[in-house]
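Protein chains in written order, with the numbering used here: chain A, 5 to 444; chain B, 134 to 460.
Among the hints, erroneous ones may be present.
[Said to hold, decoys possible] On the chain B side, residues computed to face chain A include the following (Cβ under 8 Å): (1) P190; (2) N388; (3) F415; (4) D416; (5) Y417; (6) L418; (7) D419; (8) Y458.
[To be verified] For each label pair, taking beta carbons as the anchor points, the in silico distance ranges come out as: (9) A/G422 with B/M411: 44 to 50 Å; (10) B/E355 with A/M36: 43 to 49 Å; (11) B/V430 with A/Q172: 39 to 45 Å; (12) A/M36 with B/S363: 55 to 61 Å; (13) A/F247 with B/P421: 38 to 44 Å; (14) B/G240 with A/R169: 41 to 47 Å; (15) B/S363 with A/G319: 53 to 59 Å; (16) A/T231 with B/I399: 45 to 51 Å; (17) B/E358 with A/R169: 35 to 41 Å; (18) A/Q330 with B/E358: 52 to 58 Å; (19) B/S363 with A/E51: 28 to 34 Å; (20) B/P421 with A/T231: 37 to 43 Å; (21) A/D222 with B/A428: 50 to 56 Å.
[To be verified] Lysine to aspartate or glutamate pairs mimicking DMTMM-like chemistry, simulated, CA-CA at most 25 Å apart: (22) B/K332 with B/E355; (23) A/K183 with B/E162; (24) A/K234 with A/D421; (25) B/K386 with B/D337; (26) A/K183 with B/E455; (27) A/K183 with B/E355; (28) A/K182 with B/D318; (29) A/K182 with B/E455; (30) B/K172 with B/D318.
No lab work stands behind these hints: they were computed from the structure. Idealized CB from N, CA, C, for every residue including glycine.
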Amino acid sequence: MATKVIMPKLSPTMEEGQIARWLKKEGDKVAMGEPLAEIDTDKATMEMQALANGVLRKILINEGESAPLGQLIAVIGEANEDIASLLSEAPAAAAPKQEAPAKKEEPPPPPPAQQSAPPQQAQAAAAGAGSVGNGRQAAAPPSSGRVIVSPLAARMAAESGLDLRSIQGSGPGGRIVKKDIEAAIAQPQPAPAAPQRYPRPVEPGQPAPAAAASAYRDEPASQIRQTIAKRLVTSLGPVPHFFLTTDIEMDRAAEMRKGINALDPELKISINDIIIKVTAAALIQHPEVNASYQDRFVRYYEHADIGVAVAIEDGLITPVVRAANQKSLSQIAAEVRELAERARSKKLKPEEYTGATFSISNLGMFGIDEFTAVINPPEGAILAVGAMTPKPVVRDNEIVVRQIMRVTMSCDHRVIDGATGAKFLQTFKKILENPLYLVV
Amino acid sequence: MPTITIREALNQAIREELARDESVFIMGEEVAAYDGAYKVTKGLLHDFGPKRVIDTPITELGFAGLGVGAAMVGLRPIVEFMTFNFSILATDQIVNSAAKMLYMSGGQFKIPIVFRGPGGSAFQVSSQHSQAMESWYAYFPGLKVVMPSTAADAKGLLKSAIRDDDPVIFIEQERMYGNKGEVPDDPDFTIPLGVADIKREGTDVTIVARSLMVPVALKAAEQLEQQGVSCEVIDPRTIRPLDIDTIVESVKKTNRVVLAEESHPICGINAEISAEIMERAFDYLDAPIKRVSGADVPMPYAKNLENLAVPDVEKIVAAVREVAYLD
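Can you make the complete structure from the sequences, with help from the hints?
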């Protein structure tokens, strides 16, 4: 039986995809798992794999064209199979355009009797003609369109943090039902192909693997916290920002950087890497800032997963340094370099640019002294870092020159209050001005 | 406990209430001299005399209205319809007078009346004499609707209905008058209106059934037990007010529901129960609620077609297997 190729969901926020390149031509043999096309999503260029064996019979969306999630974009089938019934599902606009050039490749038209048969019958006839594939629609893997799930199963999956898209439904039409969830809970989860929508909380005391998103604990938002959230949103929009600015003397940090890089020039530690490290250290001391407002509860993260804003050709993206609090400066430096490179070539995987617990945006290299950054929800704060410049300051009643860097933290007032943010910034400043704290 | 028929249980209930409260009386076609068309009133004329047990002309609207008037001035009438098919003629008195009098008189007139008689399908009495009328009456605020499925329920519920201060529609089942069951002989035995009964406990699928469908559902549950499916059978017993809490509690346990009734599906009681379950237990459902109802046709006279029009064990078994995802 012929298989529909539909626009898959390749990023958590993707709504439509653009075909960057077809890696197979009409008439080419394809095997399950083989790359079929490259698709531009809202975030990156992703490879789409074939989900069936056979011949790429028909391409319905040309390179450069877009299609919404779930739309039929191609058909894979046997070389001589009748795929008319599947093509009739293609949107009217796309179908006729494709009809003319494709005709010569098509097998001779089926006899009139079969042509007029209803689609199901035609499909059944095709299946009977010895083609592989499963006759039951129910057994087909759930497409990346709507997940069909019983209300009970949906609730059970949410409660156990299961991603419904990773579960095969056994009910009519592929409906996911209670026993499918029970089976999924009973079995150890296979490595998910897509990132889990909700990272599963880790037992207290059990360290999370550094590569995974940070573990967290959820605590009910207190009434006052909920009221603050409601009140402030009415004044400032969905995420009520406020801003805290401070000057930081960077002489010692710069000295430390120079010293480390002198040890091994390959390390190439940047001031930004030090800022990431110090931020992570300060966040672990101030868990109330390493937090996120989640409507009815406040989520506190165990690790500092730091998003680092990287400018790319047509926007920006924030690759995430997971558990930066557990990593050495050289690890952070290498990781940031590698992530930034792949960000610029749009090769980041969705799990590499989502789920930070705190972000840093540094415009110092553009000579910006001071700016404010917009929080990337649901994170609780973002730190905007300006340029490091020599400035006259008063120390011990003397005017002296110091390397001054101005940082501004944007805080989500629903979760972070002024004093909370200020205390965090105080710690951040203390460590950055005396980086020896990192080793005590 | 003595084992008696539903017919005898109803007779005991009326007899005990006639003896207990002299404001109670019964009237209807053939209830007195003939001992009742279905012998429910057997011996009552002899024991209580013609002032308490009254034969009426074939005038359903007339004697229903007479009953409402008697109730307004303090009596407790039991009005027998030879079958509920004939109550159609009396609906103006039932719906416009009995159901609304308390409300429209600002609480001055309560109407403690029972309209009772057999309803539903019988055997080959065809379209006009084989109708399940409960959804008609349950629709109207002001009426209570009761449908017993066992001898004990018949007795306990009828006694409560007679003692109730509101008009009660009490629908018996013509095919079930001869069904036997254990019945307490305590003259104070009653069953409160508005309380469902779990006729069989189970864990996998909830079957809600009333009247004729209760024994059918219980047979289906027995068969399903052998197939490894544990069914809980709930008999609401009172259709209005409906004990939805008992049903919802069961659904929360089983996650799957089959609703069985012999009445037509459109605007039926099952449609109402289904909506209530969806509103109150949506997050507990693992499958769409499945209704098994009588055919959406006037009851055929032909025996083979009549059999097809009334839900049977096979239909309920198939529905349970469907919601349990077994087929």
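A quick look at each hint next to the structure:
1. A hinted interface residue such as B/P190 counts as satisfied when its beta carbon comes closer than 8 Å to some beta carbon of chain A; here the least separation is about 56 Å, so the hint is violated.
2. With a least beta-carbon distance of about 5 Å to chain A, the hint placing B/N388 at the interface is held under the 8 Å criterion.
3. Residue-level restraint check for B/F415 holds (minimum Cβ-Cβ distance to chain A is 5 Å; threshold 8 Å).
4. Residue-level restraint check for B/D416 holds (minimum Cβ-Cβ distance to chain A is 5 Å; threshold 8 Å).
5. At a threshold of 8 Å, the smallest CB-CB gap from B/Y417 to chain A is about 6 Å, leaving the interface hint in force.
6. The criterion of a C-beta within 8 Å of any C-beta in chain A is met by B/L418, whose closest approach is roughly 5 Å, and the hint holds.
7. The beta carbon of B/D419 comes within 4 Å of a beta carbon in chain A, closer than 8 Å, and the hint placing it at the interface holds.
8. Taken as an interface hint, B/Y458 checks out: its beta carbon lies about 5 Å from the nearest beta carbon of chain A, inside 8 Å.
9. For A/G422 and B/M411, the hinted distance range of 44 to 50 Å is satisfied, since their beta carbons lie about 48 Å from each other.
10. For the pair B/E355 and A/M36, the beta carbons lie near 48 Å from each other, so the given range of 43 to 49 Å is met.
11. The supplied range of 39 to 45 Å is met by B/V430 and A/Q172, whose beta-carbon atoms lie about 41 Å from each other.
12. Under the hint 55 to 61 Å, the C-beta atoms of A/M36 and B/S363, about 41 Å apart, miss the expected range.
13. At about 53 Å, the beta-carbon gap between A/F247 and B/P421 misses the expected band of 38 to 44 Å.
14. Roughly 59 Å separates the CB atoms of B/G240 and A/R169, a value that falls outside the hinted 41 to 47 Å.
15. At roughly 58 Å, the beta-carbon separation of B/S363 and A/G319 lies within the given 53 to 59 Å, and the hint holds.
16. A hinted range of 45 to 51 Å holds for the C-beta pair A/T231 and B/I399, which are about 50 Å apart.
17. At roughly 37 Å, the beta carbons of B/E358 and A/R169 sit within the given window of 35 to 41 Å.
18. Remark: the range hint 52 to 58 Å for A/Q330 to B/E358 is upheld by a beta-carbon distance near 57 Å.
19. A hinted range of 28 to 34 Å is violated for the C-beta pair B/S363 and A/E51, which are about 49 Å apart.
20. The hint said 37 to 43 Å for the Cβ distance between B/P421 and A/T231, and at roughly 41 Å that hint holds.
21. Our hint of 50 to 56 Å for A/D222 and B/A428 holds, since their Cβ atoms are close to 53 Å apart.
22. Taken as a hint, the B/K332 and B/E355 pair is honoured in the structure, with Cα atoms around 12 Å apart against an allowance of 25 Å.
23. Restraint check for A/K183 and B/E162: the C-alpha separation of about 57 Å exceeds 25 Å, so the hint is violated.
24. Between A/K234 and A/D421, the direct Cα distance comes to roughly 14 Å. Compliance with the 25 Å bound is thereby established for this hinted pair.
25. The hinted pair formed by B/K386 and B/D337 meets the criterion: a straight-line CA distance of about 8 Å does not exceed 25 Å.
26. Of the pairs offered as hints, the one joining A/K183 and B/E455 holds, with about 14 Å between alpha carbons and a cut-off of 25 Å not exceeded.
27. A distance of roughly 23 Å separates the Cα atoms of A/K183 and B/E355; the hinted pair therefore holds under the 25 Å criterion.
28. Straight-line distance between C-alpha atoms of A/K182 and B/D318 comes to about 46 Å, which puts the hinted pair past the 25 Å bound.
29. Distance hint between A/K182 and B/E455 is fulfilled; the C-alpha atoms sit about 14 Å from each other, no more than 25 Å.
30. Pair hint B/K172 plus B/D318 holds up; C-alpha atoms about 20 Å apart against a cutoff of 25 Å.
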